[in-house]
Amino acid sequence: MSEAPADYEAFWHHYLREHARPGTRALHFLGSGLAIVFLVAAIAFLSWQFLVAAIVAGYGFAWIGHFVVEKNRPATFGHPLWSLISDFRMLWFWLTGRLDDEIRKAHGG
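Quick note, the sequence shown lines up with residues 0 to 108 if you use numbering that gives the first Met the number 0.
Keep in mind the hints are simulated off the structure, nothing from the lab.
Owing to the predicted nature of the structure, the values given are computational and were not obtained by experimental measurement.
Don't take every hint at face value.
To be verified - Taking lysine to aspartate or glutamate pairs in the EDC-like style, the calculated list, with each CA pair at most 16 Å apart, reads: (1) LYS104 to GLU8; (2) LYS70 to GLU17; (3) LYS104 to GLU17.
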């Protein structure tokens, strides 16, 4: 983002535009899903290794999507907390079948 977003909602629309390709979103969903599974395992087994796996899976798949598929810079670098929130928000909208509407809004539609 060339300038700082005015608020989270402005960031959210930018975030969705930076995830325009379905392949990028699919890699995010895979990484987020694995991160959730590994976080549950980390808690269940009190294992720091699963915690590390959650971080690697969550960021790893997302960054592959950005650098290889989308060919852009992950929003995490500039806005880590908003980016994390947006990643799970995007996953939730996808799981509930409302992501396409959000993407249209982000593109002014």
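Where does the structure disagree with the numbered hints, that is, which hint numbers, in rising order?
-> Structure breaks no hint.
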